[in-house]
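S.K.: Chain residues, written in single-letter form:
Protein chains: 2
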Amino acid sequence: MKNPKILITNDDGIFAPGIRALWEAMSEIGDVTVVAPNTEQSAVGHAITISDPLRVVPVKRSGGFEGFSVSGTPADCAKIAIKSILMQKPDLVISGINSGANIGTNIIYSGTVSAATEGTMLGIPSIAISLDSYESDEYRGAKQAAINIAKHVLRFGVPKGTLLNVNVPYCLPQEINGVKITRQGHQYFKDEFEKRTDPHGRTYYWMKGKIIDEDESLEMDGKAVRENYISISPIHFSVTNESYMGELKSHFLNE
Amino acid sequence: MKNPKILITNDDGIFAPGIRALWEAMSEIGDVTVVAPNTEQSAVGHAITISDPLRVVPVKRSGGFEGFSVSGTPADCAKIAIKSILMQKPDLVISGINSGANIGTNIIYSGTVSAATEGTMLGIPSIAISLDSYESDEYRGAKQAAINIAKHVLRFGVPKGTLLNVNVPYCLPQEINGVKITRQGHQYFKDEFEKRTDPHGRTYYWMKGKIIDEDESLEMDGKAVRENYISISPIHFSVTNESYMGELKSHFLNE
Chain V
1 MKNPKILITN DDGIFAPGIR ALWEAMSEIG DVTVVAPNTE QSAVGHAITI SDPLRVVPVK
61 RSGGFEGFSV SGTPADCAKI AIKSILMQKP DLVISGINSG ANIGTNIIYS GTVSAATEGT
121 MLGIPSIAIS LDSYESDEYR GAKQAAINIA KHVLRFGVPK GTLLNVNVPY CLPQEINGVK
181 ITRQGHQYFK DEFEKRTDPH GRTYYWMKGK IIDEDESLEM DGKAVRENYI SISPIHFSVT
241 NESYMGELKS HFLNE
Chain E
1 MKNPKILITN DDGIFAPGIR ALWEAMSEIG DVTVVAPNTE QSAVGHAITI SDPLRVVPVK
61 RSGGFEGFSV SGTPADCAKI AIKSILMQKP DLVISGINSG ANIGTNIIYS GTVSAATEGT
121 MLGIPSIAIS LDSYESDEYR GAKQAAINIA KHVLRFGVPK GTLLNVNVPY CLPQEINGVK
181 ITRQGHQYFK DEFEKRTDPH GRTYYWMKGK IIDEDESLEM DGKAVRENYI SISPIHFSVT
241 NESYMGELKS HFLNE
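Just so you know, the sequences run in chain order V and E.
First residue of the first sequence: 1, per my numbering; consecutive thereafter.
First residue of the second sequence: 1, per my numbering; consecutive thereafter.
These aren't lab readings, by the way, just hints derived from the structure by calculation.
Small disclaimer: the values here were computed from a predicted structure and weren't measured.
For every residue, glycine included, the Cβ atom is placed at its ideal position computed from N, Cα and C.
Just so you know, not all the hints are guaranteed correct.
[Unchecked claim] Covered stretches of chain V (in silico footprint by chain E; criterion: 3 or more residues with CB under 8 Å from a CB of chain E, positions within the stretch not fixed):
1) 7-15
2) 31-37
3) 230-243
[As the list claims (entries may be wrong)] Reference excerpt, derived from the structure (chain E facing chain V, CB under 10 Å, subset only):
4) S69
5) M87
6) H152
7) W206
8) K210
9) I212
10) S233
11) V239
12) G246
13) H251
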């Protein structure tokens with residue numbers, strides 16, 4: 001195969017350390033273009049920008065890192081890169097390396113995953129990759145995982161409409177136990193709202209909470225990562241609950 | 001059943017005509033609380049607000065309409081209503097009536113659906129309801145549909161993790177052909193970016209495009225609505241592609 005064309009994006013913004021790590025990794029295996037948000041866009045879900053125009057600005061940084069910053073969401077970045085910035089369709093879209101895992105219920109809040117979903121929807125094999133730490137700059141394990149999984153996807157492809165959601169444990173490369181192919185588990189963020197009063201006497205609320213994950217099977221994304229495995233989940237956004245179609249039909253026929 | 005407690009939200013904002021129509025409809029069958037964004041939040045997907053505090057402001061309007069506006073997304077509204085504003089868990093969350101259908105691929109961009117999804121995730125039977133028009137103020141058909149389907153859900157419940165995504169055709173009530181239980185179809189927004197230059201000589205881009213829907217089966221959401229049926233799709237966010245798990249495992253075992 002000639003050098004594959006790889007589009008890199010993320011949700012932490014173009015100046016985040018994770019996207020530079022991913023750029024370094026992908027530069028070893030292909031021709032890389034970076035198109036990423038100009039600001040942090042965590043927890044934006046699959047938002048797109050329809051009421052405001054988008055700005056696209058070339059970015060150059062030390063070490064040869066270059067790309068385009070976009071005044072929009074991760075999904076916007078994937079869209080505008082593929083539709084307007086790139087001269088030809090990329091062979092792969094890879095989004096990350098996110099600061100913090102994207103696991104269980106939280107997948108649907110994830111900007112990182114949404115950018116890869118957008119790539120998938122535009123017919124391009126796509127990967128989301130996240131590191132299970134909000135503080136680490138230890139990207140060696142995640143970079144090696146990104147290279148291995150990107151090579152795999154470039155060779156075998158993925159089914160239409162499906163992307164790979166990869167989560168890498170927070171540990172030294174030699175502490176990683178291997179790879180587990182996993183399902184979206186039941187991890188969720190048990191949130192609550194803390195009520196405060198501002199200096200002007202007005203009330204405001206902060207969302208806060210903690211992660212709950214009671215999955216005990218290594219077939220689940222959260223448990224695999226906790227046990228120092230790289231978790232790879234094949235995910236898609238076919239949202240119909242097929243198993244309930246029949247019952248619901250019978251209800252409405254009888255009315 | 002005693003008067004059910006119904007939480008109403010939306011993504012077009014608390015001052016949109018669709019939420020007032022829904023408030024009128026739901027007031028006929030239960031005790032209603034409205035908690036909705038203070039501004040329009042279309043296409044925000046499942047965004048939540050984690051880096052900014054939220055403000056909650058009581059709103060009163062003519063005709064007895066009252067509720068709380070929130071400086072956040074539809075998912076924020078459902079969360080803060082259930083966790084902080086309401087004294088007890090509601091029996092039903094209903095989001096809408098959205099201006100414009102939420103069908104096919106576009107379901108994942110939908111703030112209307114995300115608010116109902118949040119209700120589902122918090123264990124409450126939930127409905128998203130949208131009208132297939134961006135301009136109409138003809139809500140009679142949609143109001144009647146909202147009442148019928150809400151009564152159904154209050155009586156029968158929905159499976160854990162599943163919500164009903166309802167789309168109402170844009171026509172007079174007497175022109176509605178009935179109800180179809182449908183699947184998420186293949187409708188998508190074929191978008192492109194129009195490049196313009198601002199008065200300062202700088203480039204910007206507008207996202208634009210058109211809806212493509214080639215589904216021909218009345219079992220698909222888009223086709224059902226085009227044929228003047230009320231479409232009800234049971235949807236969930238179990239995103240694992242189970243059918244690809246085995247093949248993916250075999251790849252990584254062989255490496």
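S.K.: Quick check: which numbered hints come out false for this structure?
M.R.: Result: hints 1, 2, 4, 5, 8 and 9 break, sorted rising.
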